[in-house]
Amino acid sequence: MTNRSPIAITGMGAISAIGQDVAANLNSLQQSKHGIGPITHLETFHRDRLLVGEISMNNAALYDRLGIPRTEAYTRSTLLALVAAKEAIDAAGIDLGSPLRTGIISAITVGGMDATEQYYDDYLDSDTHRHFIPTHPCGYSTEQLADYFGINGFVTTISTACSSAANAIMLGARMIKAGLLDQAIVGGTDCLSKFTINGFNSLMIYTDGHCRPFDENRNGLNLGEAAAFIVLESPKLVEERKKQPIAYLTGYGNANDAYHQTASSDDGEGAYLAMKQALEIAGLTAEDIDYVNAHGTATPNNDFAEGHALLRIFGSMDNLPDFSSTKAFTGHTLAAAGAIEAIFSVLALQHQLVFPNLNFSQPITSLGIVPQTNLKSKRISHVLSNSFGFGGNCSALIFSKADD
Amino acid sequence: MTKPIYIHGHGCISIQPTFETNYFFETVHTYAQNPIPVLDPDYKARIPPLQLRRMNKSMKMAISASKLALEEAGNVDIDAVITGTGQGCLRDSERFVETILADEAELLNPTPFIQSTHNMAAAAIALALGCKGYNMTYVNNANSFESALLDGMLYLQEHPSKTILLGGVDELGSRSPEFWNIAGYLKHGNSIIPSPMNVDSGPGEISAEGAAFFVASHQEGKQAYGKIIAVETRHKTEDAAAFINQFLQRNGLDIEAIDAVLMGNNGDVRYDGIYETVCRTLFQGIPQVGFKQVLGEYDTVVAAALMLALHMLKRQQIPKLLHMNGPQHHGLQRILLYTQRRGKNHSLILVER
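As given, the protein sequences belong to chains R and S, one line each in that order.
Position in the first sequence (first residue = 1) + 97 = the working numbering.
Position in the second sequence (first residue = 1) + 84 = the working numbering.
Be aware that a few hints might be false.
[Claimed, not checked] Covered by chain R, according to a simulated footprint, are these stretches of chain S (three or more residues, beta-carbon under 8 Å):
1) 164-175
2) 203-211
3) 221-230
4) 297-303
5) 312-324
6) 398-406
[To be verified] Straight-line distance between alpha carbons at most 25 Å, and here's what the computed PhoX-like set of lysine-lysine pairs gives:
7) R:K473 <-> R:K130
8) S:K87 <-> R:K333
9) R:K373 <-> S:K246
10) S:K151 <-> S:K306
11) S:K87 <-> S:K311
12) S:K398 <-> S:K151
13) R:K183 <-> S:K320
14) S:K398 <-> S:K246
15) S:K398 <-> S:K306
16) S:K428 <-> S:K320
17) S:K428 <-> R:K183
18) S:K311 <-> S:K151
For the record, the hints were derived by calculation from the structure and aren't laboratory data.
Ideal Cβ placement from N, Cα and C applies to all residues, glycine included.
Start from the sequences and build out the full structure, keeping to the hints where you can.
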């Protein structure tokens with residue numbers, strides 16, 4: 098390893114439109130099977146108009162899968178988070194009852210908005226759904242996770258729009274590195290809501306079909322829903338319990354574009370700074386990166402700015418490693434995006450695969466960069482994963498192969 | 085453990101005139117309502133009118149409090165912006181929900197959606213200062229500011245030469261307080277500020293809003309208010325006294341080393357018993373100082389309490405109105421803040437002269 102104290106990743110869990118566990122997600126990525134389709138759960142005007150990356154299980158099925166009585170108040174984002182975090186904790190085989198210092202750091206953008214938007218007027222008139230009122234704030238979801246798993250150590254919640262989960266992963270790593278935690282369950286969750294679908298649609302950055310990341314004719318994103326969590330452990334802890342890490346988190350960076358409320362600067366300054374820092378922390382140079390899992394939302398602005406920033410980091414088109422956005426598979430899953438793509442990055446390292454960028458046909462004229470469009474086997478030691486959000490929040494993570 | 089951080093400037097907006105230079109709670113505004121909106125400073129003095137018109141309450145309060153903090157710290161360059169907000173930009177969230185419910189088929193105005201995101205205050209500050217550095221927003225109910233503070237201490241440990249802007253902000257919204265009322269959070273009757281303490285004032289809290297921001301670094305500087313030694317949170321605890329004792333132990337202190345304790349009593353009889361218990365078992369011989377009886381309750385009110393603690397250290401005084409119990413002080417070297425909300429989100433902050 099190039100990094101002096103890499104953070105070990107020992108477990109991961111995911112639920113998204115392309116699979117209800119990590120194995121199913123990998124299978125869909127390998128088969129180029131996307132999860133974008135019509136809206137079926139939400140009652141919305143956009144039902145037959147916009148396409149989403151929806152998880153087929155409804156809330157009742159999620160309650161049952163988790164063994165939670167349907168009379169209790171859990172919003173969809175929390176139910177999804179429980180499914181994913183449970184898979185990650187089980188896979189890592191960590192002991193949550195031990196005296197180790199455990200943290201749970203979750204990312205979410207709109208909290209319990211799916212309940213609030215549904216019962217907004219109903220709460221005033223009837224007591225049927227009032228037990229959902231406390232579920233609105235973002236932190237409530239993470240506290241329910243902590244209670245479900247019996248974690249009474251460090252609990253916090255991050256919301257930096259679409260870069261939220263990358264920041265949750267980063268905080269876990271930094272706290273372990275600083276000796277404040279021994280192990281951390283980190284990730285993010287967001288379910289589909291009328292709030293976010295209408296929000297992105299009102300910004301005119303919601304495509305009328307399937308999103309086309311990095312394509313000259315891209316015209317917006319598809320939203321998706323997902324939850325994804327990974328377990329991070331200190332190098333000392335994995336050594337003590339003789340657990341073989343599945344990968345390492347070696348680099349992370351966070352910067353602000355400080356350019357506009359929603360739009361990225363043309364030269365992708367914030368994105369560039371975040372990637373540069375992540376390389377520095379990892380002790381790597383740009384040439385060491387074998388695959389970039391791009392943010393690639395397929396909005397005209399993001400892909401242009403990100404493409405520009407990638408060219409700046411890697412120096413030229415010739416030096417640009419294989420890159421792809423996997424958002425055409427899952428949709429843009431907002432606060433979960435950084436975590437689900439962290440898992441795709443680890444899968445890329447484990448299986449030595451570059452996952453395809455679907456729906457691409459023509460490069461952005463002014464940039465000329467071409468993503469990887471087919472599944473590709475190759476030697477991969479280091480993967481860079483980008484997550485950018487409203488408010489100029491830019492984050493980048495670097496994952497490295499376990500047995501390097 | 086992280087190293088202490090020094091506070092070089094602060095700005096605070098609340099239901100008291102805390103934005104006035106040298107305000108120290110000698111006189112307080114009285115209220116008989118619930119919820120209570122902030123006393124607005126002259127936002128125009130620090131935000132250009134065109135931008136101001138578009139900003140929501142959280143953004144206005146956060147930017148104004150930040151600029152106050154920066155002015156006091158000598159307008160130093162800021163390398164990172166770290167904020168906490170329990171509820172986020174509530175009014176814009178409500179507005180966008182109301183628009184959707186009215187008619188989804190219309191072409192909707194995206195501004196309330198954009199400005200509903202929880203990171204908007206931190207983003208607006210970064211934009212206003214042109215700060216391209218580290219930028220984070222914590223949204224963990226009544227432990228949101230404490231998470232931001234912990235991250236700030238961690239960030240300065242990693243970057244010892246840098247200077248950060250750190251703060252908390254929460255706004256009331258319009259429909260949300262109705263929901264809080266239905267959920268039984270709010271006090272009915274007896275909604276008086278300053279709230280009488282030590283009497284049976286019934287259940288419920290008095291809801292308010294505010295923002296407090298700080299300029300912090302590892303450098304002692306010439307005019308630092310004081311330093312923050314440690315912060316710790318606990319989502320739930322059955323034994324608050326044990327939580328406090330362990331925290332003190334971890335910091336190599338015993339209870340005698342604490343010269344005053346700031347506590348989050350808010351007049352809600354359902355939960356103020358937690359403070360009574362720790363006072364009986366731990367803080368008997370120490371001046372006990374309140375803040376929520378004049379600031380009301382909101383998720384990041386502890387940021388305003390931190391400002392109060394720093395002022396107390398600098399002035400070596402306890403505001404008479406806020407001294408709830410215990411003896412007079414004999415010099416203020418070290419102050420402990422302990423607060424919780426609705427029996428959850430316990431937190432401790434240790435501040436030194």
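Results of checking the hints against the structure:
1. With a threshold of 8 Å between beta carbons, the proposed coverage of the stretch 164-175 of chain S by chain R holds, since 4 of its residues qualify and at least three are required.
2. A count of 7 residues in the stretch 203-211 of chain S with a Cβ less than 8 Å from any Cβ of chain R is obtained; the coverage claim is therefore met, three being the minimum.
3. Note: the stretch 221-230 of chain S has 7 residues with beta-carbon separation from chain R under 8 Å; the three-residue rule is met and the coverage holds.
4. Look at the stretch 297-303 of chain S against chain R: 0 of its residues bring a Cβ nearer than 8 Å to a Cβ of that chain, fewer than three, so the hint is violated.
5. Coverage of the stretch 312-324 of chain S by chain R holds in this model, with 5 residues showing a Cβ closer than 8 Å to a Cβ of that chain against a need of three.
6. Given as covered by chain R, the stretch 398-406 of chain S fails the check, having 0 residues with a CB less than 8 Å from a CB of that chain where 3 are the minimum.
7. Simply put, K473 (chain R) and K130 (chain R) have alpha-carbon atoms about 15 Å apart, close enough for the 25 Å limit, and the pair holds.
8. Note on K87 (chain S) and K333 (chain R): the hinted pairing holds, with a Cα-Cα distance of about 23 Å set against a maximum of 25 Å.
9. Of the supplied pair hints, the one linking K373 (chain R) and K246 (chain S) holds, its CA atoms being roughly 18 Å apart against a limit of 25 Å.
10. Straight-line distance between C-alpha atoms of K151 (chain S) and K306 (chain S) comes to about 20 Å, which keeps the hinted pair within the 25 Å bound.
11. For the given pair, K87 (chain S) sits about 10 Å from K311 (chain S) by alpha-carbon distance, which is consistent with the 25 Å threshold.
12. Between K398 (chain S) and K151 (chain S), the direct Cα distance comes to roughly 21 Å. Compliance with the 25 Å bound is thereby established for this hinted pair.
13. With a C-alpha separation of about 21 Å, the suggested pairing of K183 (chain R) with K320 (chain S) holds against the 25 Å cut-off.
14. As the CA atoms of K398 (chain S) and K246 (chain S) are separated by approximately 24 Å, the hinted pair is consistent with the 25 Å bound.
15. Distance hint between K398 (chain S) and K306 (chain S) is fulfilled; the C-alpha atoms sit about 13 Å from each other, no more than 25 Å.
16. This hinted pair checks out: K428 (chain S) and K320 (chain S) have alpha carbons roughly 5 Å apart, not beyond 25 Å.
17. Annotation: proposed proximity of K428 (chain S) to K183 (chain R) holds, straight-line Cα distance about 24 Å (limit 25 Å).
18. Between K311 (chain S) and K151 (chain S) the CA atoms are separated by roughly 20 Å; this keeps the pair inside 25 Å, and the hint holds.
The earlier numbered hints that this structure contradicts are 4 and 6.
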